[in-house]
Structure formats: C-alpha cells, structure tokens
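Trainee: Each chain, written out:
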Amino acid sequence: MSKELYFTKTHEWVRFIDETTARVGITEFAQGELGDLVFINLPEKGDEVIAGESFADVESVKAVSNVYSPVSGTVRAVNENLLDQPELVNMDAMEAWFIEVENISEKGELLTEEEYMKLIEE
Amino acid sequence: MGTYVPNTRDEQQLMLEAIGLSSMDDLFSTIPKEVRLNASLDIPKGMSEMEVSVKMRKIAGMNKVYDTVFRGCGAYRHYIPAIVKQVTSKEEFITAYTPYQAEISQGILQSIFEYQTMICELTGMQVSNASVYDGATAAAEAVIMSREKSRKKALVSATVNPMTIETIRTYLDGTDMEMAIIPEKDGLTDIEGLMSMLGDDTACVLIQQPNFYGLLEDGDAVGGILAGTDIKYIMSCNPISLGILKTPAEYGADIAVGEGQPLGIGLSFGGPYLGFMAATEKLMRRLPGRIVGETTDSQGRRAFVLTLQAREQHIRREKASSNICSNQALCAMTAAVYLAAMGREGLAQAAKLSMSKAHYLADRLCEIDGYELVYKGEFFNEFVTTVNTDADKVLDILSEHGILGGYPLDGKHKGCLLWCATEVNTREEIDNMVRILKDIK
Amino acid sequence: MKLLFEIGNKNRKLDLMPECDVPVADIDDKYKRKKELRLPNVSETEISRHYTKLSRRSFGVNCGFYPLGSCTMKYNPKINDEMAKLPGFADIHPLQPADTVQGCLKVYKLAEEYLCSITGMDAMDFQPAAGAHGEFTGLKLIWAYHRDRNDTGRDKIIVPDSAHGTNPASAAMAGFTVINIPSTEEGFVDVNALRNAVGEDTAGFMLTNPNTIGLFEEHIHEITSIVHEAGGLTYYDGANLNAIMGIARPGDMGFDVVHLNLHKTFSTPHGGGGPGSGPVGCKKHLIPYLPTPRIVERDGILAFDEKSDKSIGRVKSFYGNFLVVVRALAYMMTLGAEGLKNASENAVLNANYMLHMLKDTFDIPFGNGRCMHEFVISLERLKKEKSVSALDFAKTLLDCGIHPPTMYFPLIVHEALMVEPTETETRETLDEVIAFFKELYERAYNDPDSLHGTPLTTPIGRPDEVGAARNPRLRYYSD
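Listed in order, the protein sequences are those of chains F, H and U.
Here this note's numbering is used: position 119 in the first sequence is 119, and no number is missing along the way.
Add 1000 to a position in the second sequence, counting from 1, and you land on the number used in this note's numbering.
Add 2000 to a position in the third sequence, counting from 1, and you land on the number used in this note's numbering.
Hints in this document: simulated from the structure, not taken from any laboratory.
Take these hints with a grain of salt, some might be off.
Restraint ranges, calculated between C-beta atoms of paired labels, are given here [stated by the list, open to error]: (1) U:E2297 - H:K1441: 18 to 24 angstroms; (2) H:K1033 - U:P2448: 31 to 37 angstroms; (3) U:P2448 - F:E80: 55 to 61 angstroms; (4) U:F2304 - H:S1196: 33 to 39 angstroms; (5) H:G1020 - F:E33: 57 to 63 angstroms; (6) H:E1011 - F:G35: 41 to 47 angstroms.
Quantities reported herein were computed from a predicted structural model and do not represent experimental measurements.
Note that beta-carbon positions come from the ideal geometry of N, C-alpha and C, so glycine has one too.
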C-alpha cells in the first residue's frame, strides 16, 4: 500500500493510507515557527472535518494557532498521546499525527513535497 | 486644584521646548477641530485634600452604620481579624499590576497560589482559578463552562439566590445556551421535578448550598441522579459553612463556585467582592480567568507564573471561552490571609458559632406569637419566619434601635423576613432584639 | 521561599473569637464534611512575616517607574484609600433600606454626573466590575437595542486587528460573530476596509481612541458615520481615556456606548490584578437597556428603581465595585475640571518627551515622532541583527529596577514595547529612564549575550513557562 505524502500552504501534512483514509499532522517547519507546544486541542472521534477549515488548535505559552484540514471526511481516530505529551510534535512533527480521517470525500489544495519545500524556502 | 502632576509649570514649559513645541495645545494638533472640547468640563473645581476629606466624610455620614446586623442574603458581616486589614494595606500589593512579569511578582503570584490551594481545600476540588468578580458571575461562568456541542441547557434551582439567577440569565441571553428553572418544594429543590427535566441536551444542574432560604439541600440526591451522566453538577456554596459542612466534592460536584465575601471582606455596600471557582482536574482547561502555576527557574529555584494563558482573551481573543481579564487579586489575597488567620479550627468555630447563633435566634423568635419558621428543614445560619404585623413596621422599629433586621422577602413570601446570624451576633443582642419585637403591638 | 502551608505547626493558631454564649447547634451527619480541611497552622507572627516577605517580592507603583502601555499605572492617591475605609462606606450592607444609604447612592450619582461630563454620555452604570465586564455589558446594550427594534439579523461586531484581546472576546461572549479589519500602514483604522465590512448584518464597531498604537484616529467622525449609516452602533473602549480628558470626548466623536477603567484613568489601585471597576456609559437611546437596578431621584431622595422591562438584566450581584467608585469619586473631586484636563495634558507631554528623546535610538514605527499618552517601540531590527528580542530587553530592565513596558502588544507591531509614562512621573525619573533605555540599547548591540539570561538580580530568574503549561501544578500538595 503506497503512503502518499502531501502538504498544504498552511503547513499541514497529509499521508494517505488508501484512497479514502489518511493521517494528518503539522509540518516540521510549522512546529519550528510555533515553538514549544504546551497543549493541543483535538476534535473527537466521529467529528466531521472540512478541507480548508480549522479542526484543531495548538497552544504555545503565548499563542494559539489553528490547524486546517487538508481533506474533508470523518475523524476515525485521534492521537491521544498528544494530549499528554504535546512535545511529541516538536520532537518529530512528521510522525506525530493529529487525526486519522476516513470517508474522504474531498481534497483541498495539496502540494507535493517538492512544491512545499519551495514554498518554505521563500 | 488638587493635582498629582509633580512637574511644575516651569518644568512643563522646559519639556515642551525640549521637544520643539510651545504650548500644551500643540500636543493635541492631531485631534480634529470638530471633536475638540471647547468648554471646560461640567465638574466642580478641584479641591485640596482636606476639603475632599470633609466632603466625602459628609457623604459617608449620610449612611447609617448599624450596630447590629441580622441580615445576609449574599452579604455577610463576619469578624475580620486585624491582621487581614494590615496585610492587605501594604502598598506593594495594592499598587502592583497583574503579575505578568513573574521575576518581580513572586509575592503576588505566591499569594494567589496559596489562595488557590486554600479554595481547593475548602471545596474539596482539585483545581481553582485565581478568582472572578463575585459569586453570581462565578456561577454564570460555571454554567458556560458546562456547555457541550449537544448540551446547551442549564437547569438552575429556584432556591438559588435570585441575583445569581438573574446574572446567569443575562449571560446566556443571546447565546445558544438556555436556562430552565428547577421548581422548589417546601423551600428546597424539587428533586422529582429535576428528574423530569433532565435530558440529552442538559449541560448542567446548579444548586446552592445552603440555599437562598438558608436551608440545607439534599446534595447527595442530586449527586446520585447526575453520577455517570455527562451533565455537570455545579454547586454554589457558602465558604464559611465549609468549615463544617460537606464539600461540593463530597457531593460529587464537578464545579464549585461561590461568593467569597465572608472570607475577610467587609460589607462594602456590595463590592468589590470575590467569586471563587474550583473544578475537577478534568475541567481544568475550561476554567476561565487567571491561574497561577508552580514551576522552576533555570537555577532550579521555585517559581510561580501565570499559566495556561492560552485559554485567555489576550491570546485566544474571540475564541476564548470567557472575556474575563482581571481577577479580584487583592480580594483573593484578603481571603487567603483570613483563612490563614482562622485556620481549620477557627473556620470551623466561625461556622459553628454562626449556626448556633442562628438557631438560638430562630428559637427565641418563635417564642413570639405570630413568628414561626416558614420552612421546617435543617438550616445553616439563615432562615425565614412569618411576622405578626407589618414587616416594614417591624424593621423600622428595629432600625431605630440600630438593628438591621431580617430581609423582607417579596412575591409569595411577602410579609416574611429572611434572618441571618453570624459569630458576631451576641446572645445579648439577640435577647435584646426579641425583647423589642415582643413589645411591638 | 516557603509557602504558608510549609511553615507553622499543627497546634499553632490565633485566638480570634469568644466561646459560644448560646446552646451549640448541631446538624445531621449527612450534611457534615468528612474530608479533612487542611489550611495553614500558623501564628500571627508567622503570617505577618510571611506577607512582609511577599510584599518585598512584589513591585507596585510605589516601588518604581511603571510604564505599562495601555494600563495607565499612575500614582494611587492615599486619600482615596482612606475614604474607602470610612465605616460609613465600608460597613454598609448592600440590602439596607434606601433611606439609610443616601450617601452610597449619592456617590454613584455624583460619579455618574462627573463621568458623563468627561465622556459626553447621557448615563453611566457602575455594575460592571472590570473593563472586560464593562465591554460585555456595553455590547449587550447594543444587542438589546437591535433586538428591541426586531433587527435580529445584526450579529456581527467589527473590530480592528490592533484591538486588545478583550474586545473580540467580549463580543463573542455577548453572542456576536467577530469581523477583524486590518489597520493601515500608518497604524490607523482602514476606513475603506471598514466601509467594505459594514452592512445589514453589522451590529456595531469597537474602537479605542487614541488607538492601541497611541495615536488619535483623525478620521473618527467618518468612521463613526460609516457605522451609523449602515445601521450599526459604535462602542468606545475607554482604556486610553487618560490622553483626552477635558480635551475631547467619545460622545462628541459619535460613540453610542463607552466603558471606562476606573483602575486606569481614575487612579484606583490595580491591587495586583483587581479589583477594578468598568462602568458603562451610553447615549439616551440606550438608557432603557442598562442593567437593573438604576438609581433615580424623586423629590430629592435617591432610590433604586427595579422597574425596567427592557433592561439587559444583571451582570453581577448588587451594584458594582462600590469602594472602587468611592476612590474614583474622591479623585475627581480632588482634580476637578481643570485638574483632569491637566492630568491628560501632562500624560501626553510626558509620553512625547520620552518619545522625542528616544526616537533617534529606537525604531518607533508609527506617529512620525509624535504620540498621545503612549507610544510603541519596535525592536524587530535588534532581533534580526543581534538576536535580542523585546522579551530580552524587558527582562534586563528588571535588573535596573524598572518595570518593563507592555510587551508584544499591539499584535500589529513586531517585537513591540508599549511605553506609557503617565502624568504622575517627575522629569528626573523620565530622564533617568531615558538614559537607561539608551544604555541598554548600546549594550544590546555591543554585548547581546548579556541580555539573554536576565534578570539576574531578582528573586528568581526567567521561569520555565513551558513546563508550567505542559505539567500544570496549580496547588500545593502536602504529600
């Protein structure tokens, strides 16, 4: 099963498990910009997510940032580890998935790894 | 004119010249003419400090300070230890700003941390915030805390203080939450009535212990009904009573709120008072307002900071669950000093004394023909009686003797009085008042 | 330093109350607490010393310069505190009959009169306990007004992106959706953006003036007109009123409702984070919606009037932070019309003086060398070139015995430090502080590392805030 990795302009990554399921997280670049994360507000299993809309937010000591969904679908699973250890995102952003989405009906504007790397270089 | 501007006119002139301006008016050149005020303010001329003192004292003299108070209803005259007033008069505490710069504010931060600990101990809950404006807004904030996506209906007992109910109503009006009143039966929350009102859309149930009439509610029954559900159990409580009464935590409450005025704050004609809020650990991040946490600095020294700030308005802005910015810091410190001075024994003593004086007062009042308890349930330090003549007439006569009698109730209890006694009321005062009441035809 | 819980001894206590002189009452076991109540067990000596130590670890206006932009940390006159302690004010039960509290009602009436004169409003209500509470109340007035006219489609409040966080938070809490509009490059309200944002769904617009950059919105008439033409109401955040008392009034600028911060402009002490007071003022057309009860005068007697079916209700118990209003009233009596204007003039003079002396050293991105009562420095260049942030600069100021300016606000300025000296500082203090700032700037350029670990002379160094938020310890545990 190929795991296709895409990115968004708003610094999220999405890794497809199959055509209609994927995992979503924020990029290495994002975690660097945000600094030490202290808390992550995640949605609940069963919640609907919509491409381009905020589905979670991350807190650092002095700021809150929205995390936008790359796809539309239903939340199949939530990474509970992040609730107790938000620092996992700082340590390895590409592995620290936020949610698993199923029944993906729509994809937002997705960038390839190459396109994303170019974007953050600017 | 009185002034706190230290620079003299000459010095001000020099400063103007130093920045290349010739008059004060030049400083305001960016204000468009049509908006400039061209007349003086319609306020009397300024006065010397002595004159202000005389004038304000005259105004204060227009108020009557009662020697004896037998009225509560959300504002209680308790004994305030001298050390409380002394400590809270320290300029460093009074004139300090919010402790955002932790390194120079360890004093304020530590005092709030101690306050938070004390509120947790008092209520039995696991986390407390740094306080909110008063008991009524604390209850409103607690109701808002309990909101879920599918649960937006708040059930509030009719026996909660009417001002609290009104405040909650105002806070919910215009939002997607609504409030329904749980009926009362014999002066207590109607438990069966409550059960018939519960639903999948219920966010919370709020009761007050002791309730507005002074009666002790069956908090266990409510706790039993709500246990295992997603409905939040909110209990508004009297902090002095918690010296001996069962804590909200022991009743199974999720959130404890209340009016902290009895903890060392004077009557103050209603403000500033103190709202405390405490909750289970699970609800920690939903608590509004400031919270102080303990941490260390780079050298491992103990350090206190304002923490979990990302909940708050200055960071979350329109996504904050509450707009509250200030806490009643100095009032919270007052409560902390009071609780430190009283200690466990002192608080239990104040509670026992308040309860005993109130029961003695009730017994003695009921000796008078026409005075009887409206409700027969157990009470803490407040109770309602009928009166054998016009309630206003009774209060006027008491007032002539320097006594503030029970609060005249309205509505279905019109003509009845809601009495209160605390550790401050002596046997002599009670006997004396009863003597006066007996003489009224 | 130890906590109260960590000192003392099990049997230490104070002897505060007499024995019970009536039969001791008891209640059923089911109402009694079983959970142990663990409060400190300390003597009065220990309490006294403990809080003295804490006071030495606090920093009040009585300790030093406090240039917190947007907070107006002016001197807190002691006569005001003395008046608030008079038994005739402090020992009054809020539910005493009206004829026994004519003095209290008079305090509110006089304060209302004076503040209406200062703001150009027609009525003032003192129930809100703080600025944010006042904002919430004021926004509810706007909501009630539109609802009363069946204009229920108006559910948006417009807020500039430079606004204080309480503005959008209060709007959201009052049930509105918030629309943020950008500021112009000069830091002002973008009038075109505002024109595009208003419509049939506009309930109102919130603004501070002078704005949060410390500049007066010169197009204020146009701004309030645009909102009114669209059918919305205008809200004035009174946080920066200290710049314009006796000089300009929100009522004359086209504002319908205002809130004031008595603990800022009117010298009442901040108390380490409260209590304050946030009275709400409004024009005639909003009076019916003010919180109940209102104070009315009938044949020379003041009384509470509870009859108002259009009122938004109560926003808290009783009547507001009365003793704070007492302090503010004493202040206004002391200064009088002339003194209030004099205070604002000198607040603006002191700020401009500091700005003028600092502008050759620091980047002050807005105002072209002038400001009202406060100005914003940007240390963005210093951060880029020397890795010294506004935070580093502020923390180093602590070692100089100066409270730092407000950091990182407003959000539209990077590495912001907002300076508000207020009118109660002497020129010598200003000169001293100016010298410190300049010295520190030099140091930041020549020895940037020396600003990274500060402060060094305070009781603690920089706390681990990340740890505090990740693993919250919010109370003391004895075990």
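Trainee: All hints are to be evaluated individually against the structure, with a verdict given for each.
Mentor: So, going through the hints one by one against the coordinates:
1. A hinted range of 18 to 24 angstroms is violated for the C-beta pair E2297 of chain U and K1441 of chain H, which are about 35 angstroms apart.
2. One distance hint, 31 to 37 angstroms for the beta-carbon pair K1033 of chain H and P2448 of chain U, is violated here, with the actual separation near 47 angstroms.
3. About 42 angstroms separates the C-beta atoms of P2448 of chain U and E80 of chain F, a value inconsistent with the hinted range of 55 to 61 angstroms.
4. In this structure the hint that F2304 of chain U and S1196 of chain H lie 33 to 39 angstroms apart at CB holds, the actual value being about 37 angstroms.
5. For the hinted restraint 57 to 63 angstroms between G1020 of chain H and E33 of chain F, the CB-CB distance of approximately 43 angstroms leaves it violated.
6. Taking 41 to 47 angstroms as the suggested C-beta distance range, the pair E1011 of chain H and G35 of chain F conforms, at roughly 46 angstroms.
Hint compliance for this structure: hints 1, 2, 3, 5 are not met, and every other hint is.
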